[in-house]
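Asker: One-letter residues, chain by chain:
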Amino acid sequence: MSSVLENLISGITSGSLYALYALGIAVIFGIMRLVNFAHGELIMSGTYAVFLAAGLPVPLQIAVALAAPLVLALGMERVAFRPIRGASPGTLLVTSFALSFLLQSLATLIFGTLPKAANIAPALQGSVGLLGLTVARLDLVTIAVTLALLGGVGAFLSRTRFGAQMRASAEDFTMARLLGVKADRVIAAAFAISGMLAGIAGFLLMAQTGTATPTDGLYPLLFGLVATVVGGLGSLWGAVLGGYLVGLLSTLLQVTLPDSIRPYHDAFVFGAIFFFLVFRPSGLVVPRIARTRV
Amino acid sequence: MNASDRRAAVARRLWPLVSLLLLVSLTTLVLAGGSPSLQRVLLTGLVDLVLVVGRYCFVGQSGIISFGHAAFMAAGAYTMALLTIPAPLKGSLVAVPHTVRTGTVSPLIAILLAGLVAALLAAVVSIPLMRLNGLSAGLATVSLLIVVRVVSQNWDQLTNGLGGLYGIPPIADPWAALPWALGAIVLAFAYQSSRFGLRLRSSRDDEVAARSIGVHVKLERGLAFVVSAFVTGVGGALYARSVGAINPDSFFLDITFVVIAMLVVGGTTSLAGAVVGTLALSAISELLRQAEQGSLLVPAQSGVRDVGLAVVVLVVLLLRPQGLTGGRELPFPTVRLRRRSAAPSPPPASTQAPS
Amino acid sequence: MRALEVEGLCVSYGPVPALRDVSLHVEQGELVGLLGPNGAGKSTLVNAVCGVVKPSAGTVAIAGAAMAGVSCERIARLGVSLVPEGRHIFGSLTVRDNLRLGAAARRDGGAGTDAAIERVIERFPVLGRKLDGGAGRLSGGEQQQLAIARALVTDPFLLLLDEPSLGLAPLIVDLVFEVLAELRAEGLTVLLVEQHATRTLAAADRSYVLRSGNVVYEGAGDEHGAKEQLMIASLGEDL
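If you're matching them up, the sequences are chains L, F and H in order. Read the first sequence against the working numbering and you will find it ends at 294, with the numbers running on by one and no gaps. Read the second sequence against the working numbering and you will find it ends at 355, with the numbers running on by one and no gaps. Read the third sequence against the working numbering and you will find it ends at 239, with the numbers running on by one and no gaps.
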C-alpha cells in the first residue's frame, strides 16, 4: 500500500512538471493560436542559467532561473513572432520550429553537446519521512511549487482586470481588441508568464537531474504539447489536467511494465498518446465557447 | 487542335518535370568532376533531395505538416542495412528472419524493399492517423517517430540498439544516387499530376468544399502518406549506403529540421520548391561548413552550420514565407515556343460606333 | 465635423473585391442605417471603419481625423464601439467581466466604469439578474443585449451595430430598437447595419443601400427610392 502511495506521489510530481510545461505552451496558444516549439528552449535556458549561477545562494539561483527565460521569451516575441503575427498556422508552426532548432544549436555552440553538471540546491535533495512513506524532498517541493504557481496564475487570470483581458483575448482576440484591449501588452504578458513557468520548470528540472544539456527542452516540449492536446487545445485548465494525466500515465507505466519491456517506456507513453489522439482529437476539456448556445 | 498545338500543350504540362530533371542532372554533371569532398556534398545533397521530395509528396499536397517522417527514413535505412550487411556482421541479430540474417541482397532490390517496408508501416499507421487534422496530426506523427526511435534504441536483437549497424556496403559516387533522385522527382510529379494529387490538393485548400464534391479526404491523404513514406524509405536506404553505418540518432531531430528547412525555403507547395530548396540549402550548408573550418572558430563541427541554417530559414520565413519558388513550379520558357508563323488573331470587336 | 466620413473606400479579400469605391458619412447625433442583401459588403464596411480589415484604397475619417494605419484597439479607444455580427460575447467569462471589459476603451481611463455598468443594467434588466453567471449560458437574445451593453460601457461617441436583430425574437428586437431610439435621443451617433429594412428605415435619419460593394442609394427612410433600391438589390436586376 505504501509503495502505491509513494508511486502516486511520484506520478503527481511528474504530472506537476508536465502541467507546468503544458500551461506555458497553452497560455501562448490560447491567445495567438501559435504552438511555440521554442518553449522547450525556454526551459533549457532555465537549466543553463541555473548551471551558470551554481555558486550563488538558492534565492539568487531561482531569480536567475526566472530571469533568463523571461528575457528570452520577451525577446523571441519581439523579434521572431511579432513580424509574422497574421501569418498562416503552418508558417507560425514552422517558424517556432526553426526558432527552437536555432536556440538548441546556439546552446550547443556555446556550451557544447556534453551535459554540464552542477550541484544545485543540496538542501532540496534527499528523502523525507512523511506519514510513514519515504518521499523525495524535491518531489514535495515540486508539487508544492507547482500548486502555488498554478494557483497564482489562476488567480491572476480570474481576479484581475488584466487577467480578464487575457482570457478574453484567448477566447476571441479580435473582439477583445475591438474593446480597446492592447494586443501588444496581452501578448507580451502571455510570453512573460510562459517564460516564468519555463524558468521554474527549468530550475526544478536542473535540481532533479543535476545536468544541463542543449536538448533538455525536447522532452518537456513534447510532453507539454501532448498534455495540452490531451487536455483540449484552447483550454488552460485542460492543459493542466492533461499534464497531470500524462504524468500519472507515465509513472503508472514505469511501475507496471515488466523489466524486460521497461526500456520501451517512452514508446508506450507516446503510443498511448497516439491512440488517445485518434479517438478523442478534441481532447478532454472542450472549451466552453464551443458549448455556447446561439 | 493541330499537331503543333498538341505538342506545345504536352510540353507545357511536362515542363515542370523536365526542368527539374535537367536541373538536377546538370548540377550533378558539373559537380561530379570535383574534389572528393565536393562529391561527398553532392551525394549528400542527392540523398537529401530524395528525402525532401518524399516529404513534399505528403506535406505539399495535403497541407498537413508531418514531424515524424524520420520514422520512415529509419525504417528504410534499417531495412537496407539488414538486407545488405554481410552475414558475419549480423549474426547476433536474432530477431531478424533467418534468410535475411544469412544472406545479402543486391542493392537495387534492397533499396526498393526498403521503400516498401516504409510504405507498409505508413499504410498501417495511416488508418488511424488520417482521421486527424492540423496539430493533432503533427503530434501523432511525432508519437510515431518516438515509438520507432525507442524501438530502434532498445530492440538489440533487431537493430543492435544504441550501437547501431555498420558494414553497409557504401557508395561514394554521386552518379549512383542520381537515378534515384530523378526517379523520386518523376514519381512525385506523376502523383501530383494524377487525379489523386488533384483531389488531395483540393482538400488542402478547402476541406469542406472538397468533401462536398465527393473527395474522400481520408483515403487521399492516406495514399499520399504511403507514397511519401515509400520515397522517404528509399531516401533512408540511400542514406544508409552513403554513410555505411547507422544508429538511432541519425533519424531524429537534426534530419527532421533539415528536411523541413529545405522544403520551406524552397516553397512547400511545389515540387520545384522541394528541389530548389534542397539545392539552395545544401549549397549554403556547405559554405557554412567551409567558413567554419577556415576561421578561428573553435566550436564543434556542426555548431555554426546548424545555427546558420536556422537563421537562413527564419529569415526566409519572415521575409518570404512562401519560399524561393513562391509555391509555383519553374516558369515555362515562353520565348522559345511562341509560334512565329501563326496567322494573326482577328482584331477585337470594336465597341465604338462607326464614325 | 462629421462623426464618420468614408471616402472612396475599396476593400478586397484577396482577389475578391468586397467594397468598390464606397463613400458615406454620418453627422454627429445622427442614426444612419446601412441596408442591403447578404454579401453586399455591409459588414466589410463596418469592419474597415473599425480597423479590423485594411482597405486597399480610400479613406476613413473619424471626427475629422484620418484613420489610415491606426490599429483597431486605438480606434476603439478613440470612442468608436462596434457590436459585431454574431454577438461575440466572451462565453468563458461572467456577464460582469464581459461588461467590465468595456473599461479598456473608455476615454476616462476606466474611472466611470462602475457607474456605466449600473446604467446599462437599467436598460437591460435581464443582465442585472445574471451578472455573476457565465456569459456562455445566456440565451441568444440575452447575449445580444450583453453585446450592446458592453459596447455602451465603453462610453463611445460613435456606435456601430452589425445586424443586431439577427436571429432574435421580435420582443427582443423591439427592445433593441427602443434602446437605439433612447441612445439617439441622448445624442449618441449610431451607424446601424441591418437586413431588417422597414424598421431601420423608420428609425434612421438617413439610410444607405449597399449592393455588391457599391452604394446604390442614399436618402431619408420614407422616400420611395429607398424601398425600390432595396428590392432591386435583394431580388436582382431584372425585376
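Mixed in with the good hints there might be a few duds.
Partial pick of chain F residues on the chain L-facing surface, computed with a CB cut under 7 angstroms [claimed, not checked]:
1) Asp5
2) Ala8
3) Leu116
4) Ser126
5) Ile146
6) Phe252
7) Ile255
8) Val313
9) Val315
10) Pro321
It is worth saying that the hints were derived from the structure and are not from the lab. All C-beta atoms in this analysis are idealised placements derived from N, C-alpha and C, irrespective of residue type, glycine included.
Asker: Next, verify each hint and record whether it holds.
Answerer: Here is how each hint holds up against the structure:
| no. | hint | verdict |
| --- | --- | --- |
| 1 | Asp5 | 39 angstroms, violated |
| 2 | Ala8 | 35 angstroms, violated |
| 3 | Leu116 | 23 angstroms, violated |
| 4 | Ser126 | 11 angstroms, violated |
| 5 | Ile146 | 4 angstroms, holds |
| 6 | Phe252 | 9 angstroms, violated |
| 7 | Ile255 | 12 angstroms, violated |
| 8 | Val313 | 4 angstroms, holds |
| 9 | Val315 | 10 angstroms, violated |
| 10 | Pro321 | 5 angstroms, holds |
Going through the hint list in order, the structure does not satisfy hints 1, 2, 3, 4, 6, 7 and 9.
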